[in-house]
Structures are given as C-alpha cells and as structure tokens.
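Each chain sits in its own coordinate frame; assemble them with the hints.
Residue-level listing of the chains:
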Amino acid sequence: MKHPKHSCRVWNDRPGTVLFAFLILFTNGTMLAQELGDHQYTSESIQAGLRVYSRECALCHGPAGDLVSGINLARGEFRTASSDDDLRSVITEGRAQGQMPAFALREEELSGVIAYIRAGLDPDGVAVRIGDPVRGKALFEGRGECADCHRVNGVGPRTAPDLSEIGVMRSPVSLQLNLIDPGAAILPINRPVRIVTRNEETITGRRLNEDTYTVQLIDSEERLRSLQKSDLVTYEISDQPSKQPTSLSSDEVADVIGYLLTLRGAP
Amino acid sequence: MKKLIKLISSLVFATAFIAPLHAQVSYQRILNAAEEPHNWLTYNGGYMSQRFSLLDQINSDNVGDLELKWVLQNQVFGAWQSNPIVVDGVMYVTERPNSVMAVDAVTGRVFWKYVHTNDERARVCCGANNRGVAVLGDKVFMGTLDANLVALDRINGQRLWQVEVGDVGLAYSVTMAPLAVKDKVIVGVGGGEFGIRGYVAAYYAETGEQAWKTYTIPGPGEPGHDTWQDDDWMYGGAPVWITGSFDVEQNLTFWGVGNPGPDWNNAQRPGDNLYSDSVIALDVDTGEMQWYFQFTPNDPYDYDAVQVPVLADIEWNGTPTKVMMWANRNGYFYVLDRTTGECLVGKPYVRVNWSSGLDENCRPMITPQPDGMPTYPGNQGGTNWYPPSFSPRTGLFYFAAWEDYATIYYSEEQEYEPGRAFLGGGFSVLAPSPGAPTIGIGRTNPINNWTSEVGHGSLKAMDPNTGEEVWEFEQYDVSDSGMLTTATDLLITGGREGYFHVLDATNGELLYYKNLGGQIVMAPVTYMVDGVQYVSIISGNSLFTFALKE
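Chains as they are written, first to last, in our numbering: chain G, 1 to 267; chain H, 1 to 550.
If we strip away everything but chain H, and leave its shape as in the complex, we get (with noise of 0.2 Å):
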C-alpha cells in the first residue's frame, strides 16, 4: 500500500516536471534564492556569496548522527575545486579539467555528462582547475581552460552554444563559476602568470552574444592607465578567476582582481598598476565601473585580490551600512562600504611584514624585506580563493588563513613572450632546515612530512566592526577549504588533511568530524529534498553526501 502511494506521488511529480516552466531557475528566483533554502544556486549560494543557508534539520545535538548516504568519485585525478549547484533534486557538478555532470542529489547516479575537449593550447599556472557551473532558465553554463564559455541544455546536457571569451594561443583560460544575473552570464579570465590583460565580459544567456567587456587594466586615455608605463599595461596581468557578487539595489556586481604580471619583478612595472590586487564595482546592465579599491599596489608577491566578495546589510558599530568583508591574500582583513568602496576598516588577521601597516584609506605602508629573507604572509598568501561565509545570525565572517607561513622571493627581469609564463623571478617556502620539504599549492601525498613548522591552517571567525578575531580552529595542515554557515549556527568546511569538521559557529567547538582521506579543496553546500537536509563535500576524487540517520 505504502509503495503504491509512493508511486502515485512521484506519478505526480514526474508530471510537475514535464511542465517546462516549473522547471525554469528565472532570475527572480536567483535573486531570491533564500527564499527556498533547499535548493543552492549559485557558486556562493546567492548573490550576496554569504555561504548561509537557512536549513535546520542538522543541529548540534544531532550532528552526532550525520551518516553518508552516497559517494560520487571522479574519473579524473586531481585537485577537485568544484562547487555543486543544486536545483530541485539535481546537483550540477564539473570535474576537471572541463565536463559536466547532472546528478540525483538524493542517490548520486549520474542523469548525464557532458565532456567539453580542450584545446591543446589550453595553458593555466595551476592545475587544470575548473570551479563549477552557473544555472539561469534552463541552461546550465560553464568557462573552460581553452577560454570558451558552454551553454548546455539543464534537461538533457545538450550544447546549445559556445562561444571563445579568450584568446587561448595567448594563455587566457575560463577555470572559475560563471555568474548568471538577470539575462546575462559573466565570467573572467584566467592567464596571469602569462602576461594577459585581464576582463570581465558579459553574455546573453539566450545566443551568446557579447554584451559587455572591461578589461582590468585601463588602455591609453582611460582613467587610471598612468599607473603603468610605456607597454607594461598590454601584459600586465590582472586576472579574474574568481566568481563576484551581486547587489540588486545598487544594480552592481563585485570582482576581485588577481596579481600584476610579471609577477615578482614590481620594478619592471611601475606605478600602481590599476587594477591588479582591487575589487572592482561594475553595472550589470553595462560592465561601466562605478568604484574600485585596490589592495596591494605594485604587487611582488603575488597577493591576487581573487577572493569572493562577501556582501551584508548589518549595523556596523550601529549605523546599517551596505558592506563587503574581505580577507585578502596579503594579510589584512578589510571591510569596505560597498557603495563607495571606501574602507572602514583594515587589520592584519596573520603575520605580516611585506607592510608596516594601512594608512587611515587602507593604502599599505610598504616594508619589502631584504633579499634573501622572508617575507610574511608568504605566497599562497594569508589566505587565497578559498570561499568564506558570513551568518547574519552570528555576525561573523568565516574563512581558511595560513599562519607562521613566509616566502623567499627573487625577481630578475624577464621579457614578455606570447602565451609564455611571463614571472619575473621566483620563490621558495621558508623551511626550518635546508632542503626540508615545504607547503605546496595543493596536497598530493597522505604524509605530512613538512609538519606545521612550515605553516599552519586556522579558521578564523571575525568581528566586521572591529576587524579582530573573535575565535579560530587551528589545523594542523594548512586549509584550502571554503565555508558553509547555517541557521543552526553549524560552520561546515574541510581542509587539506581530509577532514571534513562541523563545528559551532558561535564559539569555534568542533562539533563532529570525519576522515574523507583526501584534500578538501572547495566549499561544502547543503541542500534539501524530500524532507532530508543534505550536505555534500569533496574530499580528493570523491564527493561525499551526508544526511542524519533515518
């Protein structure tokens, strides 16, 4: 009796289904994405890439009682910095370097996959990266390392257009989530370790077409094209491989901006080099840019600003201000007004000696170590791309630091090559004894054996009004994890060692935590379907879903 109910309720749904329009993700519902906490549907789970969800079905006193329900692994070895969207039960995932797959969120069977072939030309510093999808009506979008961008069909994964973003003989690539806002799909370009020029552009979700691009760097008359010289703008760099924000009253989208190239020679490029290291405010309608505030001026460490814009409504020191909080690959932990991009305040969240401190708008006063000695944070960075969270309930912003972590540098002159790394110089990780293994940029091997005296990770949750440290959870192993908040003040995340941990929001206590075995090296999401609270987490070529026992 009980099956045959069964049966006619998903008859039921199946018929909801067939109705295309219920199966539309409109703007509207995007723009409104907290309204059904079930589903996640952007990179950062909406347009303000909080990182909060308003499930509650785990709590902390039955966290005890997560199980894993069902296991994805991946075909392709690697670091796997995809973040699952989830739209009514089907969970859209990329696996490197550049396919897609549609998945029943509730048994992890795999509906379709689509297999987007690279161009052999295909050149990124870092790995064959791909960070996942962008939903908007009834296509699912995708960057690719040959600089593409990819509709495909939601329903079925068939290709419905594609079209070149990059040039890719010249080293740009696609590795982060596109952003989908009203009737267009943005992304920026990768490529600054080879002497790019960096943009955000905008298409019609529909056809394809182009309808806006802004490069990084300002060409010859544009404002802010003194803060190079000569030729240096045209391979200056400033990549974007990070999704933005979006504020629907402002009508603007945010950006981090990564590193100027090349890299650790600032001496060949002087000036200020807008706008490597900056976020920048742009239209939506427009890509016209209405504010920017950089970071790290003439940059030699590799201090990319590609973190995620985490914009808030909250009362800073009891005036409601519209702002964004942002730890920066450089050490400082900033909150800026996002109206105006002013700082409100600016503090060192890790050692930092690359800068003696902000001056009252936040410009760093520079202190360049001498050669040969180390520089802190190092050049991983204080932090890096790592997705944050900020819970409107407890007032805090989560995110992975490093600490204790520094960096040698060298820089020597180097001449632009097309499509060429275009560096500068080097690094090497400061280690207690010559020749000792250090921290790389991803995890590779199940043996730590550079131990926490090259580098630690700590999970910090900060006060925006004061830019300090409220609590952190030290990890052993530096973290590459991002972060999930939730309306039961559960702050999920993971990190390099293969743990995924759930801990209290509010005061940092671990709470539960399991061994995946691999490096967790994007943010976990939940998601809701049936009645059943899910959460989903990568943990080297798997990806784990976990829900309470039944």
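One chain only, chain G, in its complex shape (with noise of 0.2 Å):
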C-alpha cells in the first residue's frame, strides 16, 4: 500500500506566503483603515468617538456598554436598532419613554460614537459601516448575486456554505472582507477543490471534512462525495474563492452587512 500523498503537496506549490502576509496586515488597524479606505469609520473618529462615549454615555451603559439589560454595545446587542442610521436616531432622538435622553451632539461627535461602538468599544478596533438591511436583501437576492450560490433560512443553492446564521457567526469586519477581498476572507476549508478521479470523473466541489486518506465534499450537484485519495488521480484545490471581489458600491456594501447581520438562525 503506498502513502497516499495529501493535498499538502498541492498547495506547497502556491504562493501561501502572499496569504501569511494578509494576516499580518490585517492584526494592524491602522493599516487596515488605509487599504479600506471608505468602507469603514476612520481611526481618528473612532478616537473622537471614545471622548464623547466617556463624557455622555458611560455613566448609564458603563464602560463595557453592558449596564443597561438587553444592550451589549460592545458586541453590537441592541433592542430595536440595527443600521448606523437607527443609531443615529436613537442618540438624537431618545428612546424608552426618556431613560435614553436625546443627545445634541455634533455630526462629528455623533459618527464618532456610532464608529466606537462599531469597533466594538475598542479605540484600537476597526469600525463597519452598517447600512438598511432591507435595501441590503434586495441587493443579496439581485444586483449583488449572493443569492447564486448561498442559500437562505431553506432558499437558494447548497454548493456555498449556507448564510442563515452568518449573523451570529461573523463579526462585521469578516462580512466587510468577505465581500471586498473574498480570497483572503475566505476560510480554508471552503476553497474551491477540482477532482479528477481514477475513473476520469471530474468533480467540482467545497470540502466538508479531509484527514490523510480520505476527503468529504458537497459537490456542484449536491451531492454529499466521500473519497479516498488513493483513488485521485488530480486533486487541486484553489487558492481563490470562486467569487470576485464584490462591484458594489460601498454604501451598498455597508447594506448588505446589515441584511447578513439580521441572519440570526431559524427562530
């Protein structure tokens, strides 16, 4: 029996390195803030927004933002808001019969304490504009062909991974990359494989589980394929997802993270 060679030997020969180098990118905010450029809040009124958190809102919702029941600021919990816009009105206009007063704040201050809490209560985070979730399903279902590949609360294709829960399962700032720099989002194991078999069937598929001898894929049919390596004749799996990186614009962008936000699992 011979040593069935794993898939290490395919991807040895890509340029990995260029992945490693996103990561390192990516753990500086600073520098991710410039390669964005207006998908986000800047760092500065981040900063801003830290001033004006600690001054006005601290006192009732605490320096975590976790002091009022049902409200996690710092991981984006709230009662009734979900875009950057219902944020902004609820600061200016008050909400809960008064308890949250309204605020006279400057535009600046008032983005600046939307794009803190954004980044998560943290002055060094990164901050996700957050659009219409209903503007953001029109865009997911058409002009933006999420809806192509992904499946939906039991709607759409299986060949992607399904988005149903995506919105307690990724952060804003993984939705934002996911969908304007796809291929150093995507997650391993999701990569596109390419399969030729012994018996010179191709398969096309995402992986679902591999070990040394075998691997598991939903196919382009799907089809659920366990396969012994051995039996390979070519196994290639592919560096980048098989979706570009999205046309749309950025306010549409920040649309479509607050539709995949509200994906919260079958109720």
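Check before you lean on any hint, since a few could be wrong.
Claimed, not checked - Here are some chain H residues pointing at chain G (derived, C-beta under 8 Å): (1) 432; (2) 433; (3) 434; (4) 435; (5) 436; (6) 447; (7) 448; (8) 449; (9) 450; (10) 451; (11) 453; (12) 475; (13) 497; (14) 499; (15) 513.
No lab work stands behind these hints, which were simulated from the structure alone.
Note that CB positions come from ideal geometry on N, CA and C, so glycine has one too.
In structure tokens:
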C-alpha cells in the first residue's frame, strides 16, 4: 500500500506567503483603515468617539457597554436598532420614555460615537458601517449575486456555505472583508476543489472534511461525496474563492452587511 | 478432551499465581525488561525509554491479518493519554482524572478499579490528564491531579499508602506515570502555568516516605541561582510532567524540565532561568544533580523540554557512545553524550525562526520576531510530550512533528498570585484568513475545518549520527501520538485523526491502517499472552487491542 500524498503537496506550490502577509496586515488596525478606504470609519473618528462615549454614554451604559439590560454595545446587541442610521436616531431622539435621553451632538461627535460602538468599544478597533437591511436583502438577492450560490433560510443552492446564521457567526469586519476581498477572507475549508478520479470523473465542489487518506465534500450537484485519496488522479485546491470581489458601492456593501447581520438562524 | 487439558493447565497456572513471589515485579525484572518482551513494564517499555519490543509475531507480511480482539470503553470523556503497563497477562491502565484499572489483557474484562477522589482545588492547565502507572514488587503507583502519590496493591487494588507530593492549593499536580527504580518511586510535578517551583521527588516504595527531593530551580547559594533575579525563582515554573529514564551504569535518572513562568513574558524574568527547558541528570539514590543541558534559555515561547529522554548505546559516527536523543519542542533535534551532557549534534527538524541556529555548544542564537509576527514552531512546539521510539535495528529515532505551524505571541506584566494562572501574555495560532479555525491543544471535533494550512503532522525518522531526517510520513492533521517499534521493523503509531498506522520502520512505507475514530494521544504498546502478540492503542474514549487472526 502506498502512502497517499495529501493535499499539502498541491498547495505547497501556491503562493501561501501572500495569504500570511494578509494576516499580518490585518492585525494592524491603522494599516487596515488605509487599505479599506471609505468602507469604514477612520481610526481618528473612533478615537473621537471614545471621548464622547466616556463623557456622555458611559455613565448609564458602563465602560464595557453592558450595564443596560438587553443591550451590549460592544457586541452590537441593541433592543431595536440595526443600521447606523437607527443608532443615529436613537441617540438624537432618545428612547424608552426618556430613560435613554436625546443627545444634541455635533455631526462629528455623533459619527464618532457610532464608530466607537461599531469598533466594539475598542479605541484601536476597526469600525464597519452598517447600512439598511431591507436594501441589503434586495441587493443580496439581486444585483449582488449572493443568492446565486448561498442558501438562506431554506432558499437557494447549497454549493456555497449556508448563511442562515451568518449574523451570529461573523463580525461586521469579517463580513465586509468577505465582500470586498474574498480571497483574503475565505476560510481554508471553503476553497473550491477540482478532482479527477481514476475513473476519469471530474468533480468540483467544496470540502466538508479531510484527513490523511480521505476527503469529504459537497459537489456542484449538491451530492455528498467521500473519496479515497489513493483513487484520485488530480486533486487541486484553489487559493481563490469562486467569487470575485464585489462591484457594489461602499453604501451598498454597508446595506448587505446590515442584512447579513439580521440572519441569526431559525427562530 | 481438549477442554479438560485446558482446565488442568489453567489450574497449574492458577497455582503458580498463588505463590506471591512469582507475581513480584522486582527491580531486576524491570532492569532486564528486554528479557521478557511479553510484558510492558514501564511507561516507556524499559529504563532506556526506547519503546522497542523484541516481539516478532506480527511482521510486515502478516500485518494485514490484524483483527480487533477487544475494546475497553472509558467512562469519562476527554483526552485519554494513558499508557498501559502489562505484567503477566494483566494490564494496568489509568482513566482520567485518576482511576486505575486492572484488566485481563486477553479479554479486556476488568478485575478491579480504584478511584481516587481529587481535592476540588486541583488545577491543571491543559486537561485532567493522567499518563499511567508504575509497577514495582506487588504495588502499582499513580500520581494524582491534586499532587498525591498513591500506592495500590497490584493484586486487589487496595490502597496501601498515599503521600502528598505537592501543595494542591498552589496548583501543584502530578500527571506523569511515575518511574520506579530500585526501592524508590520517582515523580515530578506539573504547574508551570501557575507559578510553581518545580522539582523531582523520590519516595520509598514500601512506605511512601520521601527519600529525596531536587528542585528544578536552584535556591539561594546553589549553582545556577544567579540565572534568576530577585524573587523570580520562587514562582519560576520549571515543572516536570513526563516520565524520565534511567541508566543503570551511571546510576543516573534523566528528566525533561518544562517552561519558566510567567510563560510568555521573559522580560519579567531576566537570565537563563535554569533549569527550565533543560534535561537534568540526577543520581537515583540521592537526587544530586550530575549535569544539565539547557535547550532554550530565557524561553518566551512555552518550549517545555518535557520530552522523554531516549537513551541508547550506539556507534556514534564510529565511536561507541552513550547517547541521549531528543527532539525538542523548540524545533531542534539534539544528540547528547549522556555521560557529560555535552551536545554532539543539534539541528532544526521543522521551520524555526526564533533562532538562527545553534552555536558550537548547541546554545541557540536567538532571533525574536517583531510584535505581531509569527514564530515557528508555534506554541505546541515542533513536537511535545509524545513519546518517541528508537530502534536498535534500524538505528533511527522516530517521533511526531508538527510542520508549518506558527503562533503569534503577546506578553504583558503579571503579578504572581498563589494558585492562579501565571502566564504573562498569550498567543494566537497563525491562520491563513482572519478568524479562521485553528489547531487546538487536543481534538474534540470529528471535522477538520482548519485544514492542513494551519499545520500538519509529519512522523520523522532521524539519524542520530547526522541529526538529519531520513524519511517522513506526512499526515493531514497534526499528531500527538507516541511511537512503538518492534524486532520485525514495524513502526506502530496513531494520530489525531483517529487512524492506527503501521509503517515499515526502515523506509516509512505504510503497511496497514485502520480508522478507530478518535484522537490517539498516547503511545501504543505490545505484549504477549499465551503465545499471542497483542497491540493496544487508545483512540478517543476506547482502548482497542489487536492481534493476528487465528
């Protein structure tokens, strides 16, 4: 019996260092801000927001943003708000019969405090703009072409990962990266694979599991396949996802993120 | 008629068992363990810790005829790191956290089970692990998570004595299988993540009275104390949590010593921090230190030197030499002269970037990586505590390595608080995309969604003459499995994926594999009863025992 060559040999030839370089890049918030341009709030805005938050908000919400029941600002858990515009109106209009008073903040103070909340109350964090979920749903199903591959709440194909619970699985930063730079964001297990078996069958799909001798995948026909590596003539794992970076505008990306964050699994 | 003969012969056998002297596992028997390969008498199969068996019934031609003979299911979930010991048809195996079972090695049925109830203050960094027992005379010995040493009657499982090895309130623990030599039982203490001051201690097997205790961090006035500043030595870690080896000619025991503390902030403990990350040679009668060799001075990476010291007497590049072979967690493979501790050769076996190489004394030339940059090998090391094997037939040293695995460390000031974690920072495993799943300390998920991009396993066969790899056997996931070699040049091991592998020890060719379904985080053992050779291996929560088809 020959030792089956595992896929490591396939991707060893790929420019793996590029992927590693991305990670290093993303561990530095400032560099990330420059890299991603207007898709998010600037670190200056987040810092300004820290000052506003400490002065106006921390008394009731606490330094960690978790002192008001049902609300955790750092984790993005609110009673009603979802988009940044929702937060804007909560802050400027007040809520809960005046328990949350209305604040008269200057525009840069307002956007700063929203940025600070979106950065998870981390002054060194990264804040992502979150748009309108209704517009985002329309973009997801239409021009954004997301629903061509992704399934949500029982509707759509299964070839790409099911997104019904993506709002609890991923942070806004991660969702944004997936949309604008999927090559850097894709999880290794989700990389598209192309296989040719000894029987000359060509299989494309997405892996579900893998070990030294076998690989389990869902193929392009949505069939669950389990293959012995010793039966494979070709086994290629792409370093690029099947999807290119989105061509949506930054406002539209914010809307799609807003929609994705509402996907929190079956009720 | 056949049945009657069987009955008569078993009666004869039973009579033999009644005579207590026959049941004794004397020091002489353990010393000459190679003369009774049907037994597996110590954690590492003998004092030299080669994990090499002279049994030859299973070979490369018939290995395909292996079949499952019995399964013993654990009643407690969690990594089952225990290594069985087999004495004359009885297997002694521990179950986490601290139970001992005596098992019929032919059927897997249990004779007795002893349960130790741990003090609720017991604290360990990395799971309620226990790696097995020692036997000596008519006793079985087990260390416990609450830092006790327990002696049991080997025949009926009754507790004979129990002594406190360390202060459970200060997070001392014992997870290793003890080492029994002459009239003593020797253990080391865990707690390197809790600011302990490590030591090795010996107890008289008969009474439990302490014979000696040697600290792994020298106190004021002792040689090496000046490798610490101020009070750092009092909480400096240097635990010993893997069974050592013994060389009868030198009368020395050898022990691998773990990381200094706090783990990741070495700026907080300037100096070499002896004898952390070292091997120490202790006189078996007195505990006096004869020599040491430090692999990783002032370590900020948690590169414990808690590997099994593998001893052999070989022709090293043409000169008869008493060597010690050591694949270290820090990514280097070393061969030492075990009479002096002199380093004969030291070479990297995986990608290493924390140091640019070793100097002529095998001291690392350090190249710390900038903040936020990955360090190779990662926190779990190029290898770890997984017991290696040396085959005198092939002359090769075998162990489980982790390839392409890196960690990003951060450090912070931390004040010591008794019994609390004393880490001085933390780490994350390098992954190809932000937030991607990564390799953990153990494997609890049947799905590998981190993929080999985060690291993968490589079983390596090393030539001690050159320090170079001769061949490797790659695995998709990393492996914490130990090794076993046999007189028929089989190399028997496992892996996190749950595969039981048998390879040709000469060239790494795969001869047999079987999916047992759960992580294999111990080293397989082999033994013989009534003329049948068995191989036992623990996968997940079950102990599987194989033999050839009848």
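Going down the list of hints, with the structure as the test:
At about 4 Å, the closest approach between the beta carbon of residue 432 of chain H and any beta carbon in chain G falls short of 8 Å, and the interface hint on this residue holds. A hinted interface residue such as residue 433 of chain H counts as satisfied when its beta carbon comes closer than 8 Å to some beta carbon of chain G; here the least separation is about 5 Å, so the hint holds. Restraint check, residue 434 of chain H versus chain G: the minimum CB separation of about 5 Å is within 8 Å; hint holds. Contact between residue 435 of chain H and chain G, as hinted, is supported at the beta carbon level, the nearest pair being about 5 Å apart and thus within 8 Å.
With a least beta-carbon distance of about 5 Å to chain G, the hint placing residue 436 of chain H at the interface is held under the 8 Å criterion. Hint on residue 447 of chain H holds. Least Cβ distance to chain G is approximately 5 Å, under the 8 Å limit. A hinted interface residue such as residue 448 of chain H counts as satisfied when its beta carbon comes closer than 8 Å to some beta carbon of chain G; here the least separation is about 6 Å, so the hint holds. Taking 8 Å as the C-beta contact cut-off toward chain G, the hint placing residue 449 of chain H at the interface holds, the least distance being around 5 Å.
At its closest, the beta carbon of residue 450 of chain H sits 7 Å from a beta carbon of chain G; the interface hint therefore holds under the 8 Å criterion. Restraint check, residue 451 of chain H versus chain G: the minimum CB separation of about 4 Å is within 8 Å; hint holds. Here the hint on residue 453 of chain H is kept, as its CB sits about 4 Å from the closest CB of chain G, short of 8 Å. A cut of 8 Å between beta carbons decides the hint on residue 475 of chain H: the least distance to chain G is about 5 Å, and the hint holds.
Contact between residue 497 of chain H and chain G, as hinted, is supported at the beta carbon level, the nearest pair being about 4 Å apart and thus within 8 Å. Given hint, residue 499 of chain H at the interface with chain G, holds; its Cβ is 6 Å from that chain's nearest Cβ, closer than 8 Å. A distance limit of 8 Å between C-beta atoms decides the matter here; for residue 513 of chain H the minimum to chain G is near 7 Å, and the interface restraint holds.
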